[in-house]
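**Q** Residue numbers (the working numbering), protein chains in the order written: chain A, 1 to 608; chain B, 1 to 169.
You may find that some hints are simply not true.
Which chain B residues stay away from chain A? Per the calculated CB distances, all over 10 angstroms, these [to be verified]: (1) Val22; (2) Gln25; (3) Thr33; (4) Met56; (5) Asn82; (6) Glu136; (7) Glu144; (8) Ile151; (9) Ala159; (10) Leu163; (11) Val164; (12) Leu167.
Derived Cβ-Cβ restraints for the label pairs, each shown as a range [stated by the list, open to error]: (13) B:Leu55 / A:Ala215: 47 to 55 angstroms; (14) A:Asp125 / B:Ile150: 28 to 36 angstroms; (15) A:His278 / B:Glu76: 57 to 65 angstroms.
No lab work stands behind these hints: they were computed from the structure. Idealized CB from N, CA, C, for every residue including glycine.
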Amino acid sequence: MNGYTGKALIVDLADRNAIEQALAESLLRDYLGGAGLAVRLLYDHLTPGVDALDPDNVIVFSCGLFAGTIVSASAKHAVATKSPLTGMIGDAMAGSFFSHTLKRAGYDAVVIKGKAEVPTYLFIDDSDVFFRNAEAIWGQGCFDTEEFIREELGDEAIRVSSIGPAGENLVRYACISNDRGRQAGRTGPGAVMGSKNLKAIAVRGSGVVSVDNSAAVYQVTRELNTLAQGPATGKYRHPGTNGNVLVLNRLGVFPTRNFQRTEFAKADHISGENIYRHYHDKTVACAACPIACEQIMRVAGAEPHEGARVSLDYETLFALGPCCDIDDIPAIIRAAELCDEFGLDTISTGVTIAWAMEAFEKRLLNAQDGFELRFGDAEAMVAVIPMIAQREGLGALLAEGSRRAAETLGKDSDYFAMHGKGLEFAGYDPRGMKTYALGLAVGTRGACHNRSLAYEPDLQGQVDRHLAEKGRGALAMKQEDIAVTLDSVGVCKFLRGCFSDMYEELAQLYTNVTGWDMNSTELRRAGERISNLKKLFNIREGWTRDLDRLPPRIHEESVPDGPGKNIPFPREELEIMVADYYEARGWTADGRVTQPTLDRLGLADVPS
Amino acid sequence: MTAPVPLSPEARFVACDPELCVGCQLCEFACATVKDPHANILKSRIRVARHEPSLMVSVACRGCDDPACVRVCPQEGALTINVDNRLIDVDNDICDGCGWCINVCPFGAVLLDTDTKRVVICDLCAQRDNGAACVEICPKDALEIASIEIITNKANGTAVQALVKELNT
Numbered sequence: 001m002n003g004y005t006g007k008a009l010i011v012d013l014a015d016r017n018a019i020e021q022a023l024a025e026s027l028l029r030d031y032l033g034g035a036g037l038a039v040r041l042l043y044d045h046l047t048p049g050v051d052a053l054d055p056d057n058v059i060v061f062s063c064g065l066f067a068g069t070i071v072s073a074s075a076k077h078a079v080a081t082k083s084p085l086t087g088m089i090g091d092a093m094a095g096s097f098f099s100h101t102l103k104r105a106g107y108d109a110v111v112i113k114g115k116a117e118v119p120t121y122l123f124i125d126d127s128d129v130f131f132r133n134a135e136a137i138w139g140q141g142c143f144d145t146e147e148f149i150r151e152e153l154g155d156e157a158i159r160v161s162s163i164g165p166a167g168e169n170l171v172r173y174a175c176i177s178n179d180r181g182r183q184a185g186r187t188g189p190g191a192v193m194g195s196k197n198l199k200a201i202a203v204r205g206s207g208v209v210s211v212d213n214s215a216a217v218y219q220v221t222r223e224l225n226t227l228a229q230g231p232a233t234g235k236y237r238h239p240g241t242n243g244n245v246l247v248l249n250r251l252g253v254f255p256t257r258n259f260q261r262t263e264f265a266k267a268d269h270i271s272g273e274n275i276y277r278h279y280h281d282k283t284v285a286c287a288a289c290p291i292a293c294e295q296i297m298r299v300a301g302a303e304p305h306e307g308a309r310v311s312l313d314y315e316t317l318f319a320l321g322p323c324c325d326i327d328d329i330p331a332i333i334r335a336a337e338l339c340d341e342f343g344l345d346t347i348s349t350g351v352t353i354a355w356a357m358e359a360f361e362k363r364l365l366n367a368q369d370g371f372e373l374r375f376g377d378a379e380a381m382v383a384v385i386p387m388i389a390q391r392e393g394l395g396a397l398l399a400e401g402s403r404r405a406a407e408t409l410g411k412d413s414d415y416f417a418m419h420g421k422g423l424e425f426a427g428y429d430p431r432g433m434k435t436y437a438l439g440l441a442v443g444t445r446g447a448c449h450n451r452s453l454a455y456e457p458d459l460q461g462q463v464d465r466h467l468a469e470k471g472r473g474a475l476a477m478k479q480e481d482i483a484v485t486l487d488s489v490g491v492c493k494f495l496r497g498c499f500s501d502m503y504e505e506l507a508q509l510y511t512n513v514t515g516w517d518m519n520s521t522e523l524r525r526a527g528e529r530i531s532n533l534k535k536l537f538n539i540r541e542g543w544t545r546d547l548d549r550l551p552p553r554i555h556e557e558s559v560p561d562g563p564g565k566n567i568p569f570p571r572e573e574l575e576i577m578v579a580d581y582y583e584a585r586g587w588t589a590d591g592r593v594t595q596p597t598l599d600r601l602g603l604a605d606v607p608s
Numbered sequence: 001m002t003a004p005v006p007l008s009p010e011a012r013f014v015a016c017d018p019e020l021c022v023g024c025q026l027c028e029f030a031c032a033t034v035k036d037p038h039a040n041i042l043k044s045r046i047r048v049a050r051h052e053p054s055l056m057v058s059v060a061c062r063g064c065d066d067p068a069c070v071r072v073c074p075q076e077g078a079l080t081i082n083v084d085n086r087l088i089d090v091d092n093d094i095c096d097g098c099g100w101c102i103n104v105c106p107f108g109a110v111l112l113d114t115d116t117k118r119v120v121i122c123d124l125c126a127q128r129d130n131g132a133a134c135v136e137i138c139p140k141d142a143l144e145i146a147s148i149e150i151i152t153n154k155a156n157g158t159a160v161q162a163l164v165k166e167l168n169t
């Protein structure tokens, strides 16, 4: 087989047993790889209705289809599980070398079930699988864990996906970290690993991922690589995604003080350009990536955060910075480093802290043992991160995420808990971006910019971003399907601007890599199929119509700042767009997948 | 402390600028594509050393003045110094893949082809029309064919620039 290995590894941690499962060509064609394959395997292996932190939950790692080949920016792998944060589908993507290595070890995917008796790490050594004792590293951070395992196994080429203390302590938004600083970040897959006593997965892959038409693939890669040095990726290369700060601030959609405001007075100071100028240390790429977006920032000569060094991207900067009304760059870099080391999703961490800051501001929360969180208090923000990871003091409440924390606190604090289905918002204010607002509301993994990609038409001026209208449903659907297709073939979204006809070009690449005929229509349908399967997963886990909504603040408070100032966003406007989206998807008026849609997409075999 | 390895002043080799290298490994993929019908990355003659978070550099044969690989080779004539570029020619009929050269190369630039059981070493893609594939594909222009004199001058330039920057801040 070319491109694929045609095999999944099925691991039972309780029995310390690993067997191979053959993956049929039809399955691979229908679900592509990466996120698509991960969600399908999860759907088939998971017993519906189990608690996300129960040993019976299942977690799937799945390589992007092009992983292991030269194809530009194709290093993504997907992690899918039932999310402990949302209770719905939790599919997270990560980059760098783990995916390539797992594919070369001989697997398209690894399905992990059960709970190990003692802390364990899995070592996939090509076709051999070892269950190794991890008690010595239980409690250690992600960076140290990686180094420890490579040293213990005596091979620098081994790639490790691991959890930190946050995952061990079942923080509901704990991430999984690989290659020092890449994360399967959102929806809490790290907590699922923790609940299984699974500290890490180490992989050594020395096999070949063969390619059907190597010369053609090389040629396309060179062309994409050339385009990837042009304007389509300019922002990612310099100054990195932090370049968003000034753009979004100018548009009045830069969330500040927990989405109370949408402009930040100190935007110039924390702009991507300024941070790059004063803190940039190194630019790093994932495997086979011509873009290199990862900007490592380093604090030098500024106590108390001297020596902090971490990859800092826009969402992290927004969440730990302006969302908490913080403009102290060294503290933000330190906080990001702590999140990475402890294994916390930076977006959920920052936005949950911002929720707490607002609760303190409104006197709904009181100081605990003298500790409190105030907007703008950078040192308190830094200090609370280890508390969250260890579930100490106030950290125990925040470890549950903003939705559950607000439920526990009560006092109408859910009004300003900025999440969708429990997943905290990324750094764009949906009030000034109406297509994006729809994408957040209907998103299967919750309010996620990355799964919806619906900010694109708003920010590129394809539509009037302040207007909620019919037609946005089809647009949001189109963007979602583009995102899920990229997540499944495993090509980074940052490359998407380099395609002139994405589905056509990806279909050709598919054919050249696998040797199987693929065309843009079939590929597009695969994307739609995977989007629908995620929805079916959610329905099976108890999704109800009222979950496709946004927090009250979004509707009760008009756009506070910027060019859209005072424009309201009543709930009815969102409802019109949501209904429009269901219709575009071919679903019922209450958002359920219909039989004709199942038949059309070849999903009739999916057990409900 | 290990003595520095003297490089031949005449040698031309693939040199990597660590300031520009992002550790993407595309050079390995390109080399494997050119050198192996299955594009098996283990066949690449160039290797990226990634020391996260901040040091990335790729390394291929650098043309030692008195190459240890040639000196230790127990098979007379298996490894010889190429008269044009001072890199190493491998005679596949004589080499038996014993691995002594792999063991002594100070740069880890001698590798074993696990299919043919012969060692492989960078030859600057001498038979290829467009020259070295790794240099061709490098998206950050971090790679070039250079001599020790060129990279020494470049390194000195980088050091001076860093000093000037430090004095100005």
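**Q** So, for every hint listed, does it hold in this structure?
**A** Cross-check of the supplied hints:
Interface exclusion of valine 22 (chain B) from chain A breaks down, the closest Cβ pair being 4 angstroms apart, not more than 10 angstroms. Listed as a non-interface residue, glutamine 25 (chain B) fails to keep its Cβ farther than 10 angstroms from every Cβ of chain A; the least gap is roughly 5 angstroms. A beta-carbon of chain A comes within 10 angstroms of the beta-carbon of threonine 33 (chain B); the shortest separation is about 5 angstroms. A beta-carbon of chain A comes within 10 angstroms of the beta-carbon of methionine 56 (chain B); the shortest separation is about 7 angstroms.
The Cβ of asparagine 82 (chain B) sits about 26 angstroms from the closest Cβ of chain A, beyond the 10 angstroms cut-off, so the non-interface label holds. A beta-carbon of chain A is positioned within 10 angstroms of the beta-carbon of glutamate 136 (chain B); the least distance is around 8 angstroms. The claim that glutamate 144 (chain B) is not at the interface with chain A holds, since no C-beta of that chain comes within 10 angstroms of its own (minimum 17 angstroms). Here isoleucine 151 (chain B) stays apart from chain A, with its beta-carbon at least about 20 angstroms from theirs, past the 10 angstroms limit.
Residue placement check: alanine 159 (chain B) keeps its beta carbon more than 10 angstroms from all beta carbons of chain A (closest about 17 angstroms). Annotated as non-interface, leucine 163 (chain B) keeps its C-beta farther than 10 angstroms from every C-beta of chain A; the closest such distance is 16 angstroms. Taking the minimum C-beta to C-beta distance to chain A, about 16 angstroms, the non-interface status of valine 164 (chain B) holds against the 10 angstroms cut. No Cβ of chain A comes within 10 angstroms of the Cβ of leucine 167 (chain B); the nearest lies about 15 angstroms off, and the non-interface call holds.
About 33 angstroms separates the C-beta atoms of leucine 55 (chain B) and alanine 215 (chain A), a value inconsistent with the hinted range of 47 to 55 angstroms. Our hint of 28 to 36 angstroms for aspartate 125 (chain A) and isoleucine 150 (chain B) is violated, since their Cβ atoms are close to 42 angstroms apart. Between histidine 278 (chain A) and glutamate 76 (chain B) the Cβ separation comes to about 59 angstroms, which falls inside the hinted range of 57 to 65 angstroms.
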